[in-house]
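A.B. asks: These protein sequence lines are chains A and B, in that order. Going by full-length UniProt numbering, the first sequence opens with residue 1, and the numbers climb by one from there. Going by full-length UniProt numbering, the second sequence opens with residue 1, and the numbers climb by one from there.
Keep in mind that the hints are not guaranteed to be accurate.
[As the list claims (entries may be wrong)] Label-pair distances were calculated between CB atoms; the ranges are:
1. B:Glu776 - A:Asp374: 45 to 55 Å
2. B:Val514 - A:Gln694: 17 to 27 Å
3. A:Val928 - B:Glu776: 37 to 47 Å
4. B:Asn840 - A:Val704: 17 to 27 Å
5. A:Val704 - B:Glu160: 25 to 35 Å
6. A:Leu575 - B:Glu473: 50 to 60 Å
7. B:Val514 - A:Leu575: 49 to 59 Å
[As the list claims (entries may be wrong)] Below, simulated DSBU-like cross-link-like pairs (lysine-lysine); rule was C-alpha separation at most 30 Å, straight line:
8. A:Lys693 - B:Lys123
9. A:Lys693 - B:Lys16
10. B:Lys176 - B:Lys80
11. B:Lys219 - A:Lys761
12. B:Lys608 - A:Lys867
13. B:Lys219 - A:Lys767
14. A:Lys482 - B:Lys219
15. A:Lys589 - A:Lys693
16. A:Lys16 - A:Lys922
17. A:Lys517 - A:Lys492
18. A:Lys306 - A:Lys424
19. B:Lys195 - B:Lys80
20. B:Lys214 - B:Lys389
21. A:Lys333 - A:Lys358
22. B:Lys144 - A:Lys761
23. B:Lys693 - B:Lys433
24. A:Lys779 - A:Lys867
25. A:Lys219 - B:Lys761
26. A:Lys556 - A:Lys767
In short, the hints are calculated from the structure, not lab data. Quick reminder that beta carbons are idealized off the backbone N, C-alpha and C, glycines included.
Protein chains: 2
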Amino acid sequence: MAPERYCYAFEEGDGKNKHLLGGKGAGLCTMTQIGLPVPPGFVITTKANVDYLESGGQFPEGLMDEVHEYMEALEKKTDKGFGNPENPLLISVRSGSALSMPGMMDTILNLGLNDETVPGFIKLTQNERFVYDAYRRFLQLFGKIGLGIQDEHFDKIFEEIKGKYHAHVDTELNAKALAEVCDRFKELIKQKTGKPFPQDPWAQLVMAVDGVFKSWTGKRAVDYRRQFNITPDMAYGTAVNICTMVFGNMGTDSATGVGFTRDPGTGENILYGDYLVNAQGEDVVAGIRTPRPLRELRTDMPEIYKQLEQLRHTLEQHYREIQDFEFTIERGKLYMLQTRNGKMNAWALCKTSVDLVKEGLINEEEALLRIPPDFLEQFLHRRIDPDAKVEPIAVGIAASPGAAVGKVVFDADRAERLGNEGEKIILTRIETKPEDIHGFFAAQGILTSRGGKTSHAAVVARGMGKPCVSGAEGMDINYELKEARIGKHIIKEGDIVTIDGGAGAVYLGAVPMVDPKVSDDLVMLLQWADKISRLEVWANADTPEMAAKAREHGAKGIGLCRTERMFNEADRLPLVRSMILANTPDERKRWCDKLLPMQRQDFYDIFKAMDGLPVTIRLLDPPLHEFLPTIEELLNDISRLKEFSQVMYSLEQLPGTAMMIDPELYKLMPSIETMTREFSEYKTKKLDQKLLKQKEEVLRRVRVLTEVNPMLGNRGIRCGISFPEIYDMQLQAIFEATALALRDKIDARAEVMIPQVCTAKELEWVKERAVRIHGEVEKRYNVKIPHKFGTMIEVVRACLRAGRIAEIAEFFSFGTNDLSQATFSFSREDAENKFLPIYNTEGILRDNPFEILDVMGVGRLMELAVKEGRQTRPNLKVGICGEHGGQPQAIEFCHQVGLNYVSCSPMRIPIARMAAAHAVIKEKGRAVTKAL
Amino acid sequence: MAPERYCYAFEEGDGKNKHLLGGKGAGLCTMTQIGLPVPPGFVITTKANVDYLESGGQFPEGLMDEVHEYMEALEKKTDKGFGNPENPLLISVRSGSALSMPGMMDTILNLGLNDETVPGFIKLTQNERFVYDAYRRFLQLFGKIGLGIQDEHFDKIFEEIKGKYHAHVDTELNAKALAEVCDRFKELIKQKTGKPFPQDPWAQLVMAVDGVFKSWTGKRAVDYRRQFNITPDMAYGTAVNICTMVFGNMGTDSATGVGFTRDPGTGENILYGDYLVNAQGEDVVAGIRTPRPLRELRTDMPEIYKQLEQLRHTLEQHYREIQDFEFTIERGKLYMLQTRNGKMNAWALCKTSVDLVKEGLINEEEALLRIPPDFLEQFLHRRIDPDAKVEPIAVGIAASPGAAVGKVVFDADRAERLGNEGEKIILTRIETKPEDIHGFFAAQGILTSRGGKTSHAAVVARGMGKPCVSGAEGMDINYELKEARIGKHIIKEGDIVTIDGGAGAVYLGAVPMVDPKVSDDLVMLLQWADKISRLEVWANADTPEMAAKAREHGAKGIGLCRTERMFNEADRLPLVRSMILANTPDERKRWCDKLLPMQRQDFYDIFKAMDGLPVTIRLLDPPLHEFLPTIEELLNDISRLKEFSQVMYSLEQLPGTAMMIDPELYKLMPSIETMTREFSEYKTKKLDQKLLKQKEEVLRRVRVLTEVNPMLGNRGIRCGISFPEIYDMQLQAIFEATALALRDKIDARAEVMIPQVCTAKELEWVKERAVRIHGEVEKRYNVKIPHKFGTMIEVVRACLRAGRIAEIAEFFSFGTNDLSQATFSFSREDAENKFLPIYNTEGILRDNPFEILDVMGVGRLMELAVKEGRQTRPNLKVGICGEHGGQPQAIEFCHQVGLNYVSCSPMRIPIARMAAAHAVIKEKGRAVTKAL
C-alpha cells in the first residue's frame with residue numbers, strides 16, 4: 001500500500017473530489033487547473049483531519065513532513081521565504097469541508113508574521129499601518145483558533161486602545177496605535193497561555209492546522225451539523241487550505257469583492273456582484289463601508305472587468321452551473337480566492353435552468369434537478385415585500401403560506417356580507433369551525449388566536465390556498481366588544497392588518513406586497529418534468545373553482561373531492577343538521593332528498609371543470625357530530641334560554657320594580673338590566689319554550705353522537721353503513737350528475753371513493769347498494785354511466801387485507817394522514833400540540849410524520865398494500881391523497897413503490913410535478929451507480 | 001371409477017364417517033354393528049343431498065334404484081311389505097347432517113300409511129285409534145315436508161275437530177274423530193296442491209326424500225348455520241335415515257325414553273334418563289305428561305333395565321365418550337333409535353374426563369380435549385340458582401360474570417363505609433369513574449345505568465372478578481333523591497337487589513345463589529394441561545390480593561401490573577393531582593417524591609406475593625387528564641362558586657330585605673332561598689375566592705391536558721417522556737422495592753414494561769434513564785438488582801419496527817386491545833356503542849375484534865413482530881397481556897406463532913391453561929393429519 005498522502009498543491013488536487021479536498025479546496029484546485037489566477041497554495045485533505053480525530057488528536061505520521069515539502073514549493077513559486085525577515089511569505093489557513101457550513105469553520109490570515117518579519121514586510125510594502133493592521137488581525141485570529149483564547153479578551157484590549165486614542169472606528173487608529181495593540185495582544189497571549197506568543201512561523205503553522213482540525217468537533221460546528229442533519233457520509237472532517245496571502249487593502253489599485261456569474265435575483269446572464277476598493281474580505285462582511293456594484297468596475301478598472309467577464313464564462317463552461325466567487329485585486333492584479341455554486345431565488349433558478357439548457361451546457365434532466373421542488377412554493381403566494389421595513393405586532397403559527405391585507409372582521413356572516421360588497425377581509429376568530437366556511441370563502445386570509453398547524457382554520461386555509469396565521473401569541477379577542485388586544489395595541493373591527501402566513505407574522509396596517517407569478521421558465525420546466533415522470537399529479541379539490549385552479553396548474557385529475565365541505569356550506573348546514581337529527585331512517589331519507597339536488601349540482605359543476613379527466617369523489621367521511629354544535633355551546637344556549645323563561649313573566653308584571661327596591665339590593669341586580677335588554681331581543685326573536693325543547697333535543701342527540709375518540713369513531717364507511725341514506729343520496733347524486741353532464745357533452749369520469757374501509761365486506765356492502773343505484777339511474781336516464789369504484793387505504797387493516805379488498809376496489813388511494821395517525825397511535829392534533837415538539841428536541845423523532853412520510857413504518861404498510869393489491873388485480877390504480885401527496889420526499893417514495901398518481905392541494909401541483917420528475921431522474925442515477 | 005353409491009344399510013355404513021352418513025345415521029350404523037337392537041333401516045348419504053343441490057334439485061341418477069333395492073331388503077328383514085295392505089311396512093324418514101342442528105331439520109313418521117294400509121294396520125294392531133292417530137301425524141308431517149304446506153293449516157283443522165268434539169287435548173279424541181281429521185287433512189292437501197294425497201307409498205317416499213333434501217337450504221337451516229358459523233367443511237348436506245317404525249305407544253308394555261350413560265349433572269357413573277310409558281317421542285317433547293326417571297324402570301321393566309345397563313357400557317366402550325341416546329320399547333322389546341355424545345355441565349365434564357382416564361377408556365390428552373376452555377367459566381362465579389323462579393326487573397349488558405346480592409348504594413364513599421361495616425353492597429351509579437375505585441373494592445357487585453362492555457365499570461369489575469351489569473335498560477338513577485326508578489319499581493338506597501353479571505339481569509330482593517367451586521377433577525386436569533403446554537399462563541394483577549389469587553389459580557408470573565390503578569387509590573389521588581398540576585419539573589418531582597414510598601410499598605407487596613416468579617410492571621399508561629375532574633364538572637363547580645361570591649355580600653348586608661320587597665318580585669327570587677341555604681353551607685365549608693381561583697387554575701390545566709383523541713394522545717411512553725419525573729419515580733420505586741425484597745429473602749423478579757412504544761428511540765430514551773437509576777439504587781443499597789427491560793407491543797408501528805425495537809427490549813408483550821383499535825381504526829368504546837352491533841347484524845364483522853382476536857389483520861402484525869423481533873434477539877421473550885390473553889382462540893393463535901406466555905385476568909387462568917394445552921394437542925393432531 002502506498003503511504004497515505006495528505007497534501008495536494010492547487011495544481012494537483014482533483015477538483016471533483018470535494019469529500020477529500022473540501023468544497024473550498026476543490027474550487028481552488030479547479031480554478032488553478034482551468035487557468036484562473038489563484039494565489040499559489042495547497043490543501044491538507046479531510047483525510048488528515050479524520051485520522052487526526054480518530055487518533056484522539058494526534059497529527060498523522062508524515063503529515064508535517066509533507067506540509068514542509070509543500071511550503072518549500074510555495075517559497076519557490078512565490079520567491080519568498082517563510083519567516084524570512086527580508087521577504088516574508090505570508091499565508092492564510094482556512095478550513096473547508098465537503099459541505100458549505102457558513103460561519104461555522106475557522107480562518108487564520110497573515111500567518112508568517114512575527115516580530116522579525118513585520119519590519120521586513122513594512123520595508124517591502126512601505127506601509128507601516130497596513131502591516132501592523134495585518135499583524136494585529138493575525139494575532140487575534142491565531143490567538144483564538146490556534147490557542148483557544150476567547151475573542152472578547154482581544155476585543156476588550158482593542159476597545160481600550162481605541163478609547164485611549166479617541167478613535168471611533170478601526171481606521172482611525174494609526175500605525176503606532178496598532179503596534180500598541182499588537183504588543184498588548186502578545187502580552188494577553190502570554191498571560192492566557194503561560195507562554196510567549198510563538199514567533200516561529202513553523203510553530204504557528206502547526207498550531208493553526210491543529211486549531212482548524214479541532215474546529216470540526218467544536219460546539220458551533222457540531223450544532224450546525226445536527227441542525228441541518230449533516231451526517232458523516234455527507235461531510236466528514238475539514239480540509240485545511242493553505243494559500244499565499246494577497247491583499248486587497250494595499251491602496252486604491254487594490255480591491256476585494258464577490259461575484260456571481262449571473263444575476264442571482266433574476267437569473268439574467270450578466271456579471272453580478274459587489275466590490276470594495278482598498279479593503280479586505282473582512283471589511284465587506286463588517287458592513288462599515290458600502291460596497292459598489294461590480295458594473296462600476298467596468299469604468300474603475302476596465303482591464304480587470306474584462307478579465308472577470310471572461311472568467312465567469314470559463315467558470316460556467318467548466319462547472320455548468322452558476323458560480324458565486326470571491327476575488328481580490330492586489331495592486332492591479334486579480335486573484336480568485338473561492339468559487340462555489342451560486343444560490344438564488346426560485347425565479348432565477350428556473351430562468352438559469354432554461355437558459356443553461358438553451359446554451360447547451362446542461363440537459364433537461366440536469367436542469368430539473370437543479371430545482372428543489374419545495375423552492376417552487378415561492379411562486380405560489382403573495383409575499384410581504386422583502387424591502388419593506390416593518391415589525392410584526394404578533395407572531396403565531398405559520399399555518400398556511402402567503403400574505404394578505406384586509407379589514408379585521410370577527411364573524412363569518414359579517415365577513416361574507418362585507419366580502420360580497422367587495423371589501424378585503426381578514427377573518428379573525430379565537431378559533432374557526434365548519435360553519436364559518438362561508439367566511440373563509442369571503443376572506444383574504446384567516447387569523448386565529450388559538451390552534452396550531454392542524455387547527456380547523458389552518459387545514460381549511462391550506463386547502464383553499466389562503467394565507468393563515470393561527471394561534472397568534474398574546475392576541476386576546478373579545479367578540480362582544482368586537483376587538484382584539486395584542487399587548488398595547490387594540491384592533492377594532494374594520495381596522496386593517498396584514499398577515500404573513502408563511503412567517504406566522506401579523507402587522508398593523510397594509511404592508512407592501514409582492515404578487516406571485518409563475519414564470520414562463522417554470523412552465524417550460526414543468527413540461528419537461530411531465531415528459532419523464534411516471535407518476536401523474538392530481539389535485540385535492542372540493543369546488544369547481546379549486547378544480548379549475550388545479551387544472552390550470554396541470555392536474556391530470558382530481559384525486560380527492562371531499563363531499564363534507566359541501567355539507568358545511570351555509571345554505572346546506574341547516575338541512576344537514578336536520579338530516580342528522582332525524583329520528584327515523586324515513587325522516588333522514590326525506591332530508592337527504594332535499595340535499596340530493598344540491599350535491600348533484602356540486603358534482604355536475606366539478607365534472608364540467610374537469611371535463612375529460614377523472615374526478616375522485618369521496619363519500620362523507622367525518623363523524624356526524626362534527627356538523628352539530630358542541631355540548632358546551634348547547635349548554636350555554638340552554639342556560640340562557642332557561643334564564644329567560646324564568647324571569648320573563650316577572651319582568652312583564654313588574655315595570656320599574658327594580659327601581660323601587662332598596663339600593664343595596666341593587667347589587668344583586670346587575671343581571672336584571674341585562675335581562676331587560678335581552679328580553680326585548682327575546683320578544684323580537686320569539687325565543688320560547690319550543691326553542692328550549694329543540695335545543696334540549698339537539699343536546700340529547702349530540703350527547704348520543706359524541707365520541708371518546710372521534711378519529712376512530714363512527715365516521716367514513718362506518719357512518720355510511722350506520723346511516724345508509726347518506727351514501728345512497730351521494731351515490732345517486734354522483735350518477736345523476738354524470739348522466740346530466742354526459743347529456744351536455746361533458747366527458748364526466750366519476751371515481752367513487754369510500755373512506756375508512758378496514759375490511760372487504762364493508763366495501764362489498766356499499767358496492768351492492770352502489771350497483772343497485774347505478775342501475776336505477778342508468779335506467780331512468782337511459783344512458784350508460786361510466787364510473788369506477790374504489791377505496792381510501794387509510795386504515796392499517798386495509799393495508800394488511802389489501803389483497804382481499806382489491807377484489808372489490810378498482811383503485812386504492814392512500815390516506816396517509818389517517819394511516820400515519822393509526823400506525824403511530826398519534827392523534828395528529830394532540831401530538832403536534834403536546835409531545836411532538838419534545839420528541840424533536842430530544843432527537844426521538846427528527847421529522848413530524850404528518851409532514852414527512854414515515855417510510856420505515858407507514859411506507860412499509862403502503863408497499864405491502866400495493867404489492868398485495870396488484871397480486872389480486874394487476875391493473876389496480878393506486879394513488880395517494882393525504883397531505884404527503886404534495887411532499888417531495890413522499891412523492892419520491894410513491895414513485896419507488898409504483899403508485900400511479902399523487903394528489904395534492906392545487907397550489908402544490910407544480911411542486912409535485914417537479915418532485916415526480918426528480919424521482920425518475922434520481923432512480924436512473926441510482927441505477928447507473930448500481931451498474932458501476 | 002366405481003359408480004356412485006348412495007345407500008348404506010345400518011349393517012354396512014362406516015359409523016366413523018359422519019360426513020357421509022350424518023351424525024344420526026352414523027350412530028344407527030354403529031349401534032347396529034356393535035350388536036345393539038336397532039330397527040332395520042338404511043342411510044341415504046349426504047353426498048346424495050350434495051349432488052341433488054348442485055344439480056339444482058335433481059335426484060342423482062341411480063339413487064331411487066338403490067333406494068328400491070334397500071327397501072326390498074328391508075321388506076325381507078321385517079317380513080312386511082311396503083304398501084302391503086295386509087302387513088304394511090311403515091318407516092320413518094329423518095334428516096341428519098354431520099353436525100347436530102337441533103330442531104332445524106325435518107322428520108316424517110309412519111310413512112307407508114295410506115287408505116289401503118290403514119285397515120290392514122288396524123287389523124294387525126287391533127287398535128283403530130292408534131292407527132288413525134299415526135295416520136293423521138303422518139299426513140301432517142308429510143304435507144309439511146313433502147308438499148310444503150304450512151303447519152298452521154293442519155293445526156287449524158285439528159283445532160276445529162277438537163272443538164267439534166269438545167276435546168281439550170289430543171288424547172280426548174277417539175278413533176272416529178281422528179279418522180275425520182285424516183279425511184280433512186287429505187282434503188286440505190288436495191286443495192293446497194291441486195292433487196289428491198299420494199296414496200302410493202313409493203311416491204310418498206320420493207317426495208319425503210325430496211323434502212328432506214330441500215330442508216338443507218330452508219331458511220331455518222341456513223339461519224342456524226349462519227348463526228353458529230357452520231361452514232361447508234364442517235357439515236355439507238344432510239343424510240336421510242330410513243328406518244322401520246317402532247311404536248312406544250302400543251300399550252303399557254311399550255314406552256319411549258332418553259338416556260345418558262352417566263349423570264350429565266354430576267358426571268356420576270350411573271344410568272340416567274327419563275321415560276314415558278305408552279308414548280311416542282313427540283309426547284315427551286310436547287311436555288303434557290311428566291316423564292319418570294329411568295331408575296323406576298328397574299322395578300317397572302327389570303329385564304329392559306338390565307338390558308339398558310349393559311347397553312350403556314357397550315356404548316361407552318365403543319365411543320369412549322358419554323352417550324345421550326333415545327330408545328323405544330315396543331310391546332316389551334327394546335329398540336335403540338339414536339345415540340350421540342352427551343352434553344353436560346362443566347363439573348360433570350371434568351369428572352367424567354378424569355373417570356374415563358382412570359377407567360382406561362381415554363388418555364389424558366383426550367380427556368383435556370373434551371373440555372371447551374370457556375366452559376370452565378362455570379367454575380369461577382357464583383350463579384343464580386338455576387331452580388330459582390325469578391323474573392328480572394331490568395336487563396342490561398352482561399359486563400362481568402357472576403352473581404351478587406347486596407344493598408343498593410349510590411356513592412362510592414358510602415359504599416366503602418358500609419362495606420367496612422360488613423354490609424354487602426351493590427355499588428349503583430349512572431356510570432363509574434376512577435375515583436370510585438374504593439367503592440368497587442367494598443362492593444359485591446356493580447350496577448350502572450349507562451355504559452357498555454368497555455365502560456369503566458365493566459373493565460374494572462372484570463379485572464377484579466366482581467359481577468357487573470352495566471347500562472341497565474330503563475333504570476333512571478337520581479343521586480339527590482338516592483333512588484333508582486325502573487318502570488314501576490322504585491329502588492331506594494339500602495334496598496336489596498341481586499345482579500347476574502353473566503346474564504346482565506337485575507332482580508329485586510335476594511335471589512338464591514349457587515357458590516362457585518373448583519372441583520378436584522379440574523385441578524387434576526389442569527395439572528395434566530400444564531404438563532404438555534408450551535405456553536405459560538401469567539396473570540394481569542395490580543394488587544397483592546390479585547397476585548395471590550392469580551398464584552392460587554396457577555399463574556406462572558404477572559404479565560401486567562398496571563401502576564395507574566395505584567395512582568387512583570383514594571389516599572393517592574390528591575397527591576397525583578397535585579403532581580399533575582405542578583407548574584415546573586421541580587415541583588412535579590417534589591410530588592413524585594411523596595408518591596415514591598407508596599409505589600415502592602406497592603411493588604414490595606406484589607413481589608412478596610409472587611416470590612420467585614416474574615412480575616411485569618407497566619409504567620404509567622393513561623393520559624394525565626384521566627386523573628383530573630372533567631371540564632364539565634369544573635365548569636359546574638365554578639359557576640356554583642361564582643354564584644356564591646356574587647351574592648354573599650349582598651345577603652349579609654340585607655337581612656330580611658327579600659321579605660320587604662314587592663311580593664310580585666318574589667317570583668324572581670326562588671334562587672335566593674336556595675342561595676341562603678347554600679350560604680350557610682358556604683360558611684361551614686369555607687368556600688371562598690381562593691377555592692374559586694384554584695378551580696379556575698385546575699380548569700385551565702385540564703383544558704391544556706384534554707385531548708381530541710385521548711386513545712392516541714399524550715399517554716404511555718409519550719407522557720413518560722413529556723413528564724420524565726413520573727417514570728423516574730416509578731423506576732426508582734421498582735428497583736428500591738426489589739432491593740428491599742431481596743434483603744428480606746424474597747426472590748423479586750421485576751420486569752419493567754414500557755407502554756405505547758412506536759419507535760426504538762423512545763425506548764432507548766427511557767432505558768438510558770432506567771440504567772442510570774438502576775445503577776444509583778444498586779449503589780445505594782449495595783446489592784445487585786436483577787431485572788428485565790421490555791416493552792408493550794400495542795402500536796402498529798412497533799410491530800413494523802420490531803426488529804429494531806428488539807435491540808433494546810428484552811421482552812415484548814402484545815397489548816392487543818390497543819393494537820386492535822389502531823389496526824381497525826376503531827375506538828373500542830365508540831365502536832361497541834355505535835356501529836359494531838350493526839356490523840354484526842349486517843354480517844360485515846361476525847366477531848367483535850376486541851373479544852375475538854382478528855387473526856387476519858392484528859394477528860398478521862403479531863406474527864411479523866415475533867419473527868422480526870426474534871431475528872434480532874433469538875431469545876426474545878414474547879407474551880400477550882391484552883384481554884385476548886384469556887380468550888381460547890387467541891391463545892391457540894399465540895401458541896402457533898410461538899409466544900412464550902399469555903397473561904390474563906386471574907379468574908380466567910384455568911381457562912387459559914386449558915386452552916394452552918388444547919393448542920398443543922390440536923397442533924399434534926394437525927401434524928398427524930399432515931403426515932397422513
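A.B. asks: Now, for every hint given, state plainly whether the structure supports it.
C.D. replies: Hints, one by one, checked against the model:
{"no.": "1", "hint": "B:Glu776 - A:Asp374: 45 to 55 Å", "verdict": "47 Å, holds"}
{"no.": "2", "hint": "B:Val514 - A:Gln694: 17 to 27 Å", "verdict": "52 Å, violated"}
{"no.": "3", "hint": "A:Val928 - B:Glu776: 37 to 47 Å", "verdict": "55 Å, violated"}
{"no.": "4", "hint": "B:Asn840 - A:Val704: 17 to 27 Å", "verdict": "20 Å, holds"}
{"no.": "5", "hint": "A:Val704 - B:Glu160: 25 to 35 Å", "verdict": "52 Å, violated"}
{"no.": "6", "hint": "A:Leu575 - B:Glu473: 50 to 60 Å", "verdict": "33 Å, violated"}
{"no.": "7", "hint": "B:Val514 - A:Leu575: 49 to 59 Å", "verdict": "58 Å, holds"}
{"no.": "8", "hint": "A:Lys693 - B:Lys123", "verdict": "81 Å, violated"}
{"no.": "9", "hint": "A:Lys693 - B:Lys16", "verdict": "69 Å, violated"}
{"no.": "10", "hint": "B:Lys176 - B:Lys80", "verdict": "27 Å, holds"}
{"no.": "11", "hint": "B:Lys219 - A:Lys761", "verdict": "22 Å, holds"}
{"no.": "12", "hint": "B:Lys608 - A:Lys867", "verdict": "52 Å, violated"}
{"no.": "13", "hint": "B:Lys219 - A:Lys767", "verdict": "25 Å, holds"}
{"no.": "14", "hint": "A:Lys482 - B:Lys219", "verdict": "68 Å, violated"}
{"no.": "15", "hint": "A:Lys589 - A:Lys693", "verdict": "24 Å, holds"}
{"no.": "16", "hint": "A:Lys16 - A:Lys922", "verdict": "20 Å, holds"}
{"no.": "17", "hint": "A:Lys517 - A:Lys492", "verdict": "33 Å, violated"}
{"no.": "18", "hint": "A:Lys306 - A:Lys424", "verdict": "52 Å, violated"}
{"no.": "19", "hint": "B:Lys195 - B:Lys80", "verdict": "29 Å, holds"}
{"no.": "20", "hint": "B:Lys214 - B:Lys389", "verdict": "41 Å, violated"}
{"no.": "21", "hint": "A:Lys333 - A:Lys358", "verdict": "34 Å, violated"}
{"no.": "22", "hint": "B:Lys144 - A:Lys761", "verdict": "37 Å, violated"}
{"no.": "23", "hint": "B:Lys693 - B:Lys433", "verdict": "25 Å, holds"}
{"no.": "24", "hint": "A:Lys779 - A:Lys867", "verdict": "38 Å, violated"}
{"no.": "25", "hint": "A:Lys219 - B:Lys761", "verdict": "24 Å, holds"}
{"no.": "26", "hint": "A:Lys556 - A:Lys767", "verdict": "26 Å, holds"}
Consistency note: the structure conflicts with the earlier hints numbered 2, 3, 5, 6, 8, 9, 12, 14, 17, 18, 20, 21, 22, 24.
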